[in-house]
Amino acid sequence: MKFQFDSVDAFLKMGGHGAFVWASYVIVYAILIYLTLAPVLSKKTFLKQQKKLLHLQKKSPENSQ
Amino acid sequence: MANNKQERLFMNWQWFHRLGSPRWFYEKTDAWVPWLVILAWGLLLVGTVWGLGFAPMDAKQKDSYRIIYVHVPVAFISMACYYIMAIAGAVGLIWKMKLPYMVMKSAAPIGFAFTIIVLATGSIWGRPTWGTWWEWDGRMTSYLVLSFLYLGIIALQNAFQSRDTADKASAILALVGTVNIPIIYKSVDWWYTLHQPASLNLTSAPKIHISMLYPLFTMIAASYIFFTLVLILYTRAEILRRESKTQWVKDLASGVPSKGDKA
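Each protein sequence line maps, in turn, to chains Y and L.
Each residue of the first sequence is one higher than the one before, starting from 1 at the first, in the working numbering.
Each residue of the second sequence is one higher than the one before, starting from 1 at the first, in the working numbering.
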């Protein structure tokens with residue numbers, strides 16, 4: 001198995017198709033990174049909110065059900 | 001005797017009922033997540049470097065064919081995702097379990113993101129190969145419908161005040177929409193217009209060279225593991241939102257250490 005391109009420049013240009021290939025991979029990776037991070041961040045935010053909520057309920061128990 | 005038999009029956013179905021328990025799922029998957037992250041992202045990177053730099057160039061399409069390494073695996077998984085969503089919806093409807101509905105809801109945005117990837121990379125690939133960004137050919141049109149079906153599920157989830165009604169309506173739409181999946185598969189044979197027929201199938205020898213196939217298999221495996229990971233992550237977030245009134249989620253939020261829980 002060997003690297004198919006002679007130089008970094010050839011690798012980036014891909015015989016004139018570089019823009020298409022690289023644009024595809026950028027879109028794919030952007031979406032895959034988003035899919036990995038979005039649920040983790042939303043879970044963290046939710047737990048933080050709940051923690052605050054529980055704290056407030058403890059402070060004024062008459063207002064909570 | 002009868003008691004014994006009942007007990008055995010109960011034992012046989014225990015896994016099924018446990019599988020329906022959101023808390024059990026949340027705690028069980030806690031340990032899987034880091035391993036799935038390493039495996040999915042590791043394989044994705046290996047497959048990408050292999051496909052972009054080390055797989056040989058295609059004689060006809062030149063280097064533009066390298067888009068195959070993201071287009072085809074994500075297309076596979078976007079359809080598998082639809083089946084999972086529809087099956088989860090059916091299980092929710094039939095057995096009235098909570099967890100499958102959460103899985104169904106979680107699968108929709110993931111599937112939609114995958115269809116965006118496939119439509120975008122397909123369009124970009126079409127430009128140098130067919131000379132057009134878009135054509136209303138059978139494969140592309142039926143695939144666009146898949147994208148709309150995912151959007152429909154997301155919309156239905158947000159359209160009802162009642163959680164239960166939203167879940168039931170989404171499950172029914174998901175089940176009806178499964179008709180579209182065989183149409184997508186068969187579209188390249190029924191309306192042979194622009195999109196090429198499958199290069200890979202289970203019943204015949206692959207139509208592409210083995211040295212191009214290894215990175216493709218790597219990316220297909222990576223996509224399946226990535227999908228498993230992301231579906232688990234979305235479902236875990238959904239479990240916490242829907243179970244926020246339960247004691248175990250309250251403990252989790254306030255940082256009370258209980259068995260197997262981690263924030």
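Hints may be right or wrong, so weigh each one.
[To be verified] Straight-line distance between alpha carbons at most 30 Å, and here's what the computed BS3-like set of lysine-lysine pairs gives:
#1 K48/Y to K28/L
#2 K168/L to K2/Y
#3 K245/L to K52/Y
#4 K62/L to K58/Y
#5 K43/Y to K28/L
#6 K51/Y to K28/L
#7 K245/L to K43/Y
#8 K62/L to K186/L
#9 K59/Y to K44/Y
#10 K207/L to K98/L
#11 K250/L to K43/Y
#12 K98/L to K2/Y
#13 K62/L to K44/Y
#14 K207/L to K44/Y
#15 K13/Y to K28/L
#16 K250/L to K48/Y
#17 K52/Y to K250/L
#18 K60/L to K44/Y
#19 K43/Y to K168/L
#20 K44/Y to K186/L
#21 K245/L to K58/Y
Hints were generated in silico from the structure; no laboratory data involved.
How the hints compare with the structure:
Only pairs whose Cα atoms come within 30 Å are accepted, and K48/Y paired with K28/L is accepted, the gap being roughly 22 Å. Between K168/L and K2/Y the alpha-carbon distance is near 53 Å, which puts this suggested pair outside the 30 Å criterion. At most 30 Å may separate the alpha-carbon atoms for a hinted pair to count; K245/L and K52/Y meet this at roughly 14 Å. The hinted pair formed by K62/L and K58/Y fails the criterion: a straight-line CA distance of about 66 Å is larger than 30 Å.
For the hint pairing K43/Y with K28/L, the CA-to-CA distance comes to about 17 Å; that is within 30 Å, so the pair holds. The straight-line distance between the Cα atoms of K51/Y and K28/L is roughly 23 Å, inside the 30 Å bound, and the hint therefore holds. Only pairs whose Cα atoms come within 30 Å are accepted, and K245/L paired with K43/Y is accepted, the gap being roughly 15 Å. A distance of roughly 27 Å separates the Cα atoms of K62/L and K186/L; the hinted pair therefore holds under the 30 Å criterion.
Annotation: proposed proximity of K59/Y to K44/Y holds, straight-line Cα distance about 23 Å (limit 30 Å). Distance restraint check for K207/L and K98/L: the Cα-Cα separation of roughly 44 Å exceeds the 30 Å cut-off, and the hinted pair is therefore not satisfied. The suggested pairing of K250/L with K43/Y holds, with an alpha-carbon distance near 14 Å, which does not exceed 30 Å. Straight-line distance between C-alpha atoms of K98/L and K2/Y comes to about 51 Å, which puts the hinted pair past the 30 Å bound.
Restraint check: the Cα-Cα separation between K62/L and K44/Y comes to about 45 Å, which exceeds 30 Å; the hinted pair is violated. Between K207/L and K44/Y, the direct Cα distance comes to roughly 46 Å. Violation of the 30 Å bound is thereby established for this hinted pair. The straight-line distance between the Cα atoms of K13/Y and K28/L is roughly 47 Å, outside the 30 Å bound, and the hint therefore fails. Distance check on the hinted pair: K250/L and K48/Y sit about 11 Å apart at the alpha-carbon level, within 30 Å; holds.
Between K52/Y and K250/L the CA atoms are separated by roughly 11 Å; this keeps the pair inside 30 Å, and the hint holds. Proposed proximity of K60/L and K44/Y is contradicted: the alpha carbons are some 49 Å apart, above 30 Å. A C-alpha spacing of about 25 Å is found between K43/Y and K168/L, which places the hinted pair at or below 30 Å, so the restraint holds. At roughly 43 Å between alpha-carbon atoms, K44/Y and K186/L are farther apart than 30 Å, so this suggested pair is violated.
Between K245/L and K58/Y the alpha-carbon distance is near 15 Å, which keeps this suggested pair within the 30 Å criterion.
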